[in-house]
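Participant: Each chain, written out:
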Amino acid sequence: MKFAIVVFPGSNCDHDAYHAAKHVLGQDAEFIWHKDTSLQGADAVVLPGGFAHGDYLRTGAIARFSPVMQEVTKFAAAGGPVLGICNGFQILLEAGLLPGAMLRNRSVKFQCEHVIVKVEQTDTPFSLACDRGQRLRIPIAHGEGNYYAEPEVVERLESHRQVVFRYVDTNGAPTPEANPNGSVNNIAGLCNEGRNVVGLMPHPERACELSLGSADGLVMFESVVQSVAQGTVATVR
Amino acid sequence: MTISDEVLQRHGLTRDEYGRIVEMLGREPTLTELGIYSVMWSEHCSYKSSKVHLKTLPTTGTRVLQGPGENAGAVDIGDGLAAVFKIESHNHPSFIEPYQGAATGVGGIIRDIFTMGARPIALLNSLRFGSLDEALVRRTFSGVVAGIAGYGNSIGIPTVGGEIAFDETYTGNPLVNVFCLGLAGKDEIIKGVASGAGNAVYYVGAKTGRDGIHGATMASAEFDERSSEKRPAVQVGDPFMEKLLLEACLEVMKTDALVGIQDMGAAGLTSSSCEMASRGGAGVEIDVSLVPQRETGMTPYEIMLSESQERMLLVVKRGREAEVERIFGRWDLHAVHIGEVTTDGLVRVKNGAEVVAEIPASSLTDAAPQYRRPMAKPAYLAEAQQLNLATLAAPPSPSEVFRRLLASPSIASKRWVYRQYDHMVRTNTVVTPGMGAGVVRVKGTQRALALSVDGNGRFVYLDPFVGAQLAVAEAARNVACAGAQPIGATNCLNFGNPERPEIMWQFARAVEGLGVACRALDIPITGGNVSLYNETDGKSVLPTPILGVVGLIEDATKVVGRSFRDEGDAVVLLGSGRGELGGSEYLKVIHGLVKGVPPVLDLDLESALHRLLVSGVASGLIKSAHDCSEGGFAVTLAECCFGTGMGAAADIPGLEAVAGFGPVATLFGETASRVIVSVDSDRVAEFQALARALNVPATAIGQVGGDRVRIATSGEVVLDEPLAELEPLWSEAIDRYFAIPRAVA
Amino acid sequence: MRARVFVTLKPSVFDPQGTTVAEALHTLGFDAVKDVRQGKYFELDIDATTVEAARRLAAEAADKLLANPVIESYRIEVGTDVKETVR
Amino acid sequence: MRARVFVTLKPSVFDPQGTTVAEALHTLGFDAVKDVRQGKYFELDIDATTVEAARRLAAEAADKLLANPVIESYRIEVGTDVKETVR
Ligand SMILES: Nc1ncnc2c1ncn2[C@@H]1O[C@H](COP(=O)(O)OP(=O)(O)O)[C@@H](O)[C@H]1O
Ligand SMILES: [Mg+2]
Chain A
53 MKFAIVVFPG SNCDHDAYHA AKHVLGQDAE FIWHKDTSLQ GADAVVLPGG
103 FAHGDYLRTG AIARFSPVMQ EVTKFAAAGG PVLGICNGFQ ILLEAGLLPG
153 AMLRNRSVKF QCEHVIVKVE QTDTPFSLAC DRGQRLRIPI AHGEGNYYAE
203 PEVVERLESH RQVVFRYVDT NGAPTPEANP NGSVNNIAGL CNEGRNVVGL
253 MPHPERACEL SLGSADGLVM FESVVQSVAQ GTVATVR
Chain B
77 MTISDEVLQR HGLTRDEYGR IVEMLGREPT LTELGIYSVM WSEHCSYKSS
127 KVHLKTLPTT GTRVLQGPGE NAGAVDIGDG LAAVFKIESH NHPSFIEPYQ
177 GAATGVGGII RDIFTMGARP IALLNSLRFG SLDEALVRRT FSGVVAGIAG
227 YGNSIGIPTV GGEIAFDETY TGNPLVNVFC LGLAGKDEII KGVASGAGNA
277 VYYVGAKTGR DGIHGATMAS AEFDERSSEK RPAVQVGDPF MEKLLLEACL
327 EVMKTDALVG IQDMGAAGLT SSSCEMASRG GAGVEIDVSL VPQRETGMTP
377 YEIMLSESQE RMLLVVKRGR EAEVERIFGR WDLHAVHIGE VTTDGLVRVK
427 NGAEVVAEIP ASSLTDAAPQ YRRPMAKPAY LAEAQQLNLA TLAAPPSPSE
477 VFRRLLASPS IASKRWVYRQ YDHMVRTNTV VTPGMGAGVV RVKGTQRALA
527 LSVDGNGRFV YLDPFVGAQL AVAEAARNVA CAGAQPIGAT NCLNFGNPER
577 PEIMWQFARA VEGLGVACRA LDIPITGGNV SLYNETDGKS VLPTPILGVV
627 GLIEDATKVV GRSFRDEGDA VVLLGSGRGE LGGSEYLKVI HGLVKGVPPV
677 LDLDLESALH RLLVSGVASG LIKSAHDCSE GGFAVTLAEC CFGTGMGAAA
727 DIPGLEAVAG FGPVATLFGE TASRVIVSVD SDRVAEFQAL ARALNVPATA
777 IGQVGGDRVR IATSGEVVLD EPLAELEPLW SEAIDRYFAI PRAVA
Chain C
592 MRARVFVTLK PSVFDPQGTT VAEALHTLGF DAVKDVRQGK YFELDIDATT
642 VEAARRLAAE AADKLLANPV IESYRIEVGT DVKETVR
Chain D
592 MRARVFVTLK PSVFDPQGTT VAEALHTLGF DAVKDVRQGK YFELDIDATT
642 VEAARRLAAE AADKLLANPV IESYRIEVGT DVKETVR
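Chains as they are written, first to last, in the working numbering: chain A, 53 to 289; chain B, 77 to 821; chain C, 592 to 678; chain D, 592 to 678.
What the hints contain is simulated information worked out from the structure, not anything from laboratory work. Computed from a predicted model, the values in this text were never measured in an experiment. Any given hint could be a false lead.
Below, simulated DSS-like cross-link-like pairs (lysine-lysine); rule was C-alpha separation at most 25 Å, straight line [said to hold, decoys possible]:
#, chain 1, residue 1, chain 2, residue 2
1, A, Lys161, A, Lys126
2, A, Lys74, B, Lys330
3, D, Lys625, C, Lys655
4, A, Lys74, B, Lys519
5, B, Lys393, B, Lys330
6, A, Lys161, B, Lys490
7, A, Lys161, C, Lys625
8, B, Lys519, A, Lys54
9, A, Lys87, B, Lys330
10, D, Lys625, B, Lys283
11, D, Lys631, C, Lys655
12, C, Lys625, D, Lys655
13, B, Lys393, B, Lys426
14, B, Lys283, D, Lys601
15, A, Lys161, D, Lys631
16, B, Lys283, B, Lys393
Excised from the complex, chain A in its bound form (with noise of 0.2 Å):
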């Protein structure tokens, strides 16, 4: 299969999430730039963490009007499988794709370590090869990644079951220690209601090799494209 990488001129995890797709996985992949108009024909687009136009403003606040993302939302509208990391997460909520903003982080500082999220839901393109209830070792590295959103909207998304992620403890409770950010309901990672859209903030493409500590995000990865092959997720052309 193939992933579509798009490339805001500020992203600066799109070499790893190319390498983890291309290299780790051996799997097809592409960079898409933010003013192309096609997602040559990929199965799957994953916007990258970074800072995609300097996010000084806000974070993807800027990067939801790059001619890029008329071509993403189609695709998205279509079913096809759509992951956003860290900045890419930011991106999908300024955009609409998915519910909610980010704030500040709790701490009101920069924060790059090692989490533990939860998979809460396995029918996703992206959590697919996860078991339900599964840790999974990644590392954060945010400075907005407080997920907010009204709480009429939370109770819609855990009714609906698009909380796909939640940072937990090791014993995988969702307590307030083991959430690094202040989100709502310790929130790592969510869908949208079609549930092909995908967003979260920590940084799967992190943690896909052992010697850089963690291998856990691999199975997201593993996830899509098991989703492409059994064709549970839109083949959009």
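Once you have looked at the hints, place chains B, C and D with the ligands on chain A.
Facilitator: Frame of chain A; chains B, C and D with the ligands shown alone:
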């Protein structure tokens, strides 16, 4: 025009220097020319006080591809690749505006690296501050850290290591030294040269404003009337702009349309144009009216001297301009053709049709003044070197000393700091901050690079010659602990006012020490930076040479960190203690003293130790390694345990010392060339044989396990502490300074 | 024409920055400061002939880009009719 | 009492945030926006009986914490006598 003493003084030029300018030009300089000379002949750009000394450093070696003289040095790391690296200081700006000062320091060193055609892949920093007990220092410290994070994180270069120490002498003059390393094809290194008459000179990047035109270089009454409001001495960094420049420049460099490139750092357009012309043996003609300007009414003087950030100067082959402009355009950057390379060796600055400066390029660089400034052994030394333990108060119990040292900010965990740095982006970081030297793998090869920055100002203060050697040894030892062969070094020399003979003496002796150590350890110095005038109210900071050492690891899968790995492993001490307390953290924390002589350094032993570490790690015998530095053996042993959940028990020979000081000297003395390693218990003999062959003392002193840190000296237990109590003292010490009492609801 | 746009977090949204500033002020002894909210402030130089046109443009810019309606609200002032202390 | 503190970069200091916002507005077609400067905005709830006392306290807080005088200047408004459009 008549140049008054006052104008010269404001330009930091002496009457003699002015005389040389007139002689070189054959006439009086224009105001713009005077400005150009003043910055090019400034200490910062010309190294006029330090050059005679720096020339003595060893700068060559079989791996050296680029020594001092370019924007950064480069060494061959095999596989057709070069490691390009350098360190720079941003001390003064970081005191005035900690966030922006530190951020722009990061921006500057990154430009030095990609200017060479290398993709930056790792950052480190070495920081010095006053005591965290002071609110001002806390603000400077947190601002500097946030600035380093803010810039490095957003541009996407991981900060993989660094070091921080605290001492009152840095209160009004913190040190912010930033190191950057990049990778380039060995044959693709690009230089800052201008050559080929008729080739185009391009300006690209941020617009030019009045930033950083220093008070000292203001020229006339007319200039003074413009309030200082208009001339911020602090630049604001724009990491997004730099990211665009980085990507676009690397793309342009892949074409062969580029002749040379240089960033506009200190002294901006002036130094970049003059240095490129001088290196290329050519001339350059530029028209400042074409330079993109952020503000209105800027004079040629201001445009030439501005230090606005994120700007590059390029020389492009004639006929290839459109191609280069197109690449920049793709990154939304507007490259502006502002001049040409000429053959006359002159830097000619025009403002439209009017020539405002015309100076022989070499008179600004090679022919800049050099001084052998007077030196004198400092008066403080004799007294400071006298350490008579018998006159000190009796030491507290080992347990209390241990706890206080672990919580001392210079020793305590720096997690509060490096958690704010993205240290994993680019997915190369094999050893993360806090685990020893930073290690990054080199994708596409089997290799990895280990990086460390170190320097102990107290040791240098007490003996610059030995202290500087200890800095080299420590940085090199740190990379060796990861399993890396040290292959190159860069240095940042932070000292006080060189016009004071005692400071100049410190400087000269330190440079001598660097040379001796680098030669003995076979580590060429490929570049560096000198930061002088680090003083507040006539009081200098501790003389602080910082060494950045790059080490090469042949097999990236065989890298070790500081932490013990398995219960039951043998703990082996390499080297042997001498109980040296001179300049130690113990003396400072417990007795408030900086006294004595620094530890003795045996460079033969040090070199053998590095060989043992490299082969011991490569053969898989060594499972963890951590060098003994501040806090000595006991602190080092505890640090090997922290984060693992495992304790350790060790028995080391007790050392003789003045009555009552035996245990503290044994436990907390800072004898050099010692490393604690862990080895599989049934391979200890094999490892010791290896050590014997290399003449390195290797004593099996205990084993990993349990939940306490227990140390006996000659069989008698002198420390026996629960890990669960020790660890938070160390891991949360810095956080505690920033814990804000919660607001009452 | 000069338009000022103030973007603040909605009252129902927790403001980590404001809280941190308030705590820092308390440690500095500013106990009389009961609460702090931090927001963003933009000064737009707008090429417009009437105050109303400038205000409309600023509001449009705020809707589209400067504020995120999920968490933020904004306020606009146009012209120079604002009492102020400059320092 | 409510005090508002606006902290902006001094006019001569480069404002990358404002520049980026201006560029984004231009791409979105807001060509009439000639220039943007971005600053910080603080709302302080102050326990004070007079406008003057509140202003003094706010200024002190700005001097000590909210602004860095090397690159920033600030402006303070106290009270509720400001014309505004809230949205
Ligand atoms: N301490 C030092 N040891 C060796 N070389 C040095 C030292 N300090 C400066 N240099 C060399 O002098 C040259 C000029 O340095 P510098 O002015 O810092 O460069 P830049 O122009 O990039 O600021 C560089 O090549 C640098 O490597
Ligand atoms: Mg340079």
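Participant: State for each hint whether it applies.
Facilitator: Hints and how they fare:
1. Annotation: proposed proximity of lysine 161 of chain A to lysine 126 of chain A is violated, straight-line Cα distance about 35 Å (limit 25 Å).
2. Of the pairs offered as hints, the one joining lysine 74 of chain A and lysine 330 of chain B holds, with about 23 Å between alpha carbons and a cut-off of 25 Å not exceeded.
3. Our distance criterion of 25 Å between C-alpha atoms is met by lysine 625 of chain D and lysine 655 of chain C, whose separation comes to about 17 Å.
4. Taking the CA atoms of lysine 74 of chain A and lysine 519 of chain B, the gap is near 13 Å; set against the 25 Å cutoff, the hint holds.
5. For a cut-off of 25 Å, the pair hint linking lysine 393 of chain B to lysine 330 of chain B stands: about 14 Å separates their Cα positions.
6. As the CA atoms of lysine 161 of chain A and lysine 490 of chain B are separated by approximately 15 Å, the hinted pair is consistent with the 25 Å bound.
7. The suggested pairing of lysine 161 of chain A with lysine 625 of chain C holds, with an alpha-carbon distance near 23 Å, which does not exceed 25 Å.
8. Restraint check: the Cα-Cα separation between lysine 519 of chain B and lysine 54 of chain A comes to about 22 Å, which is no more than 25 Å; the hinted pair holds.
9. Between lysine 87 of chain A and lysine 330 of chain B the alpha-carbon distance is near 22 Å, which keeps this suggested pair within the 25 Å criterion.
10. About 16 Å separates the Cα atoms of lysine 625 of chain D and lysine 283 of chain B, which keeps this hinted pair within 25 Å; it holds.
11. This hinted pair checks out: lysine 631 of chain D and lysine 655 of chain C have alpha carbons roughly 20 Å apart, not beyond 25 Å.
12. In summary, the hint linking lysine 625 of chain C to lysine 655 of chain D is supported, as the alpha carbons are separated by about 17 Å, within the 25 Å threshold.
13. At roughly 22 Å between alpha-carbon atoms, lysine 393 of chain B and lysine 426 of chain B fall within 25 Å of each other, so this suggested pair holds.
14. As the CA atoms of lysine 283 of chain B and lysine 601 of chain D are separated by approximately 17 Å, the hinted pair is consistent with the 25 Å bound.
15. The suggested pairing of lysine 161 of chain A with lysine 631 of chain D holds, with an alpha-carbon distance near 17 Å, which does not exceed 25 Å.
16. With a C-alpha separation of about 24 Å, the suggested pairing of lysine 283 of chain B with lysine 393 of chain B holds against the 25 Å cut-off.
This entry does not satisfy hint 1, going by the numbered hints stated previously; all others are met.
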